[in-house]
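S.K.: Make the full structure from the sequences, and use the hints.
Just so you know, the sequences run in chain order A and B. For any residue, its number in this note's numbering is found by taking its place in the first sequence, counting from 1, and adding 1. For any residue, its number in this note's numbering is found by taking its place in the second sequence, counting from 1, and adding 1.
FYI, nobody ran anything at the bench for these hints, they're computed from the structure. Please read all numbers here as calculations on a predicted model, not as lab measurements. Just so you know, not all the hints are guaranteed correct.
Each pair may be met inside one copy or between any two copies, as identical chains are not told apart.
DSSO-like, lysine-lysine: derived pairs with alpha carbons at most 27 angstroms apart [unchecked claim]:
hint, residue 1, residue 2
1, K76, K41
2, K211, K243
3, K262, K200
4, K262, K211
5, K112, K243
6, K243, K41
2 protein chains.
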Amino acid sequence: MDYISTKENKTIKNITKLLSSAKYRKQSGEFVCEGIRLCKDAVLSGAKVSTFLFTEDAMNKYKDECEMFISYAEKSFCVDNRIFSGISDTDTPQGVLFVVKTLDKSDDFDKINKNGIVLALDNISDPTNLGTILRTAEAFAVDSVILSKGSCDVYSPKVVRGSMGAVFRTRFTVCDNLAEFIRDYNNIGTSYASILDDKAQKLSDIHFSKPSLVVIGNEANGISCDVAETCKEKLFIPMSGKAESLNAAVACSIILWEMSK
Amino acid sequence: MDYISTKENKTIKNITKLLSSAKYRKQSGEFVCEGIRLCKDAVLSGAKVSTFLFTEDAMNKYKDECEMFISYAEKSFCVDNRIFSGISDTDTPQGVLFVVKTLDKSDDFDKINKNGIVLALDNISDPTNLGTILRTAEAFAVDSVILSKGSCDVYSPKVVRGSMGAVFRTRFTVCDNLAEFIRDYNNIGTSYASILDDKAQKLSDIHFSKPSLVVIGNEANGISCDVAETCKEKLFIPMSGKAESLNAAVACSIILWEMSK
Numbered sequence: 002m003d004y005i006s007t008k009e010n011k012t013i014k015n016i017t018k019l020l021s022s023a024k025y026r027k028q029s030g031e032f033v034c035e036g037i038r039l040c041k042d043a044v045l046s047g048a049k050v051s052t053f054l055f056t057e058d059a060m061n062k063y064k065d066e067c068e069m070f071i072s073y074a075e076k077s078f079c080v081d082n083r084i085f086s087g088i089s090d091t092d093t094p095q096g097v098l099f100v101v102k103t104l105d106k107s108d109d110f111d112k113i114n115k116n117g118i119v120l121a122l123d124n125i126s127d128p129t130n131l132g133t134i135l136r137t138a139e140a141f142a143v144d145s146v147i148l149s150k151g152s153c154d155v156y157s158p159k160v161v162r163g164s165m166g167a168v169f170r171t172r173f174t175v176c177d178n179l180a181e182f183i184r185d186y187n188n189i190g191t192s193y194a195s196i197l198d199d200k201a202q203k204l205s206d207i208h209f210s211k212p213s214l215v216v217i218g219n220e221a222n223g224i225s226c227d228v229a230e231t232c233k234e235k236l237f238i239p240m241s242g243k244a245e246s247l248n249a250a251v252a253c254s255i256i257l258w259e260m261s262k
Numbered sequence: 002m003d004y005i006s007t008k009e010n011k012t013i014k015n016i017t018k019l020l021s022s023a024k025y026r027k028q029s030g031e032f033v034c035e036g037i038r039l040c041k042d043a044v045l046s047g048a049k050v051s052t053f054l055f056t057e058d059a060m061n062k063y064k065d066e067c068e069m070f071i072s073y074a075e076k077s078f079c080v081d082n083r084i085f086s087g088i089s090d091t092d093t094p095q096g097v098l099f100v101v102k103t104l105d106k107s108d109d110f111d112k113i114n115k116n117g118i119v120l121a122l123d124n125i126s127d128p129t130n131l132g133t134i135l136r137t138a139e140a141f142a143v144d145s146v147i148l149s150k151g152s153c154d155v156y157s158p159k160v161v162r163g164s165m166g167a168v169f170r171t172r173f174t175v176c177d178n179l180a181e182f183i184r185d186y187n188n189i190g191t192s193y194a195s196i197l198d199d200k201a202q203k204l205s206d207i208h209f210s211k212p213s214l215v216v217i218g219n220e221a222n223g224i225s226c227d228v229a230e231t232c233k234e235k236l237f238i239p240m241s242g243k244a245e246s247l248n249a250a251v252a253c254s255i256i257l258w259e260m261s262k
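M.R.: Structure, rendered in structure tokens:
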């Protein structure tokens, strides 16, 4: 077992870059997940793990898990507590971390499961929202998630953590042209654009039947014009109070709850 | 108009401390809100503003708003761009900021509006969640929000921002003993504990009538035993998918959506 005692080590430098740069994650085809639970999720989902990094403290505290992770990963390294804390994305690190190969997701329309509920995200930009949305999508049995090209990176550490591992289990794909995707989709199911306009259909009045697709828009700007125009239907969430809008992850969750009923 | 050109200035030091320390906010009875929209919300809600801080760039870009803020605040200071960026809690600061007196919220049971929907938060610890919950509570016309003593500070910058100004408009109070509050409440309305147990009542089967109260628990540990036991009813959100649980703000939003129908 190799022991890393300097942050100048190339494995440490690679992990730091994977944690901070979406561009680098895309280039290298790898991302990082941290903590016992997420590492277990990675193993259970059959993800390819190139590196397992752990501290001596973690090996003492989580012996069984660490031994399993060592046998699962291609390479494993023991590292200084201090170095681990320095690269960790969390306030109270457990001292275990995987470098995982990004999951093979094709944006080929034909390969996506379109029979149930499809969730399309049009330029969701906040990683906390995206993580929460993936977690909720899993809870309400969404079949596929389509992300527009301008959405934030699903492999960002905040998304991976916020998704509670859903990122390993959800079928998702990044789509070059969301409007075109929806145009094709309209041949097999009903597409809904979620908008802030009380002339649209009230969510509470809609009886969803499968297959159906719903689009959630960007936090500040909503759904792009061409995408909204392509959707067969428009829906809005009636609000009885004074607020003008809901957080994007909240709006998405309420809609998925209604669709899953 | 005073001009601040050094971060050693006592106003700057005070703001930095208000942004970073919940304890200091409590001691001084003040908090900070940043950005044109939140400052407008503060004015519209009639909050007492002790200090208005702005950059020259902001004065050029938002002249009308800045002049209104100057006439509204007790004291105003113009500050270096560099210093503003240094203390700002946002990535792309607009260059305006208020120091606001904390709103007078009593935890006196009698003063709280209990006739409609009451939302009780039992040790919600994540400020992003709390901000989102306050925003949603306003959207669905919750009448009062009760926070247990162990919940995170409502005046934290992340809560203020995430609430989209709801913190200025929502009636909320911090309660020393949530179980006791609910015991009293049971004399006038129905209390529900939201729990992760499929033996509880399904949310979709409940017909809510007012007055009613719902408790949302801590992100990791759920609702405290004594609080859950005090509630008349227990409810859970049925999930069709594989995830074990929902994010606390998401669970809260789905329940408030159902209660507001």
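S.K.: Now tell me if each hint is right for this structure.
M.R.: Consistency of the hints with the structure:
Taking CA atoms no more than 27 angstroms apart as the test, K76 paired with K41 passes inside one copy only; the shortest distance there is 16 angstroms, against 55 angstroms between copies. For the homomeric pair K211 and K243, the shortest alpha-carbon distance between copies (19 angstroms) is at most 27 angstroms, but the shortest distance inside one copy (33 angstroms) is not. With identical chains, the CA atoms of K262 and K200 are at most 27 angstroms apart both within one copy (24 angstroms) and between copies (18 angstroms). Within a single copy, K262 and K211 get their C-alpha atoms as close as 12 angstroms, and across copies as close as 24 angstroms, so both meet the 27 angstroms cut-off.
With identical chains, the CA atoms of K112 and K243 are at most 27 angstroms apart between copies only, with a shortest distance of 22 angstroms across copies and 43 angstroms within one. Taking CA atoms no more than 27 angstroms apart as the test, K243 paired with K41 passes between copies only; the shortest distance there is 15 angstroms, against 43 angstroms inside one copy.
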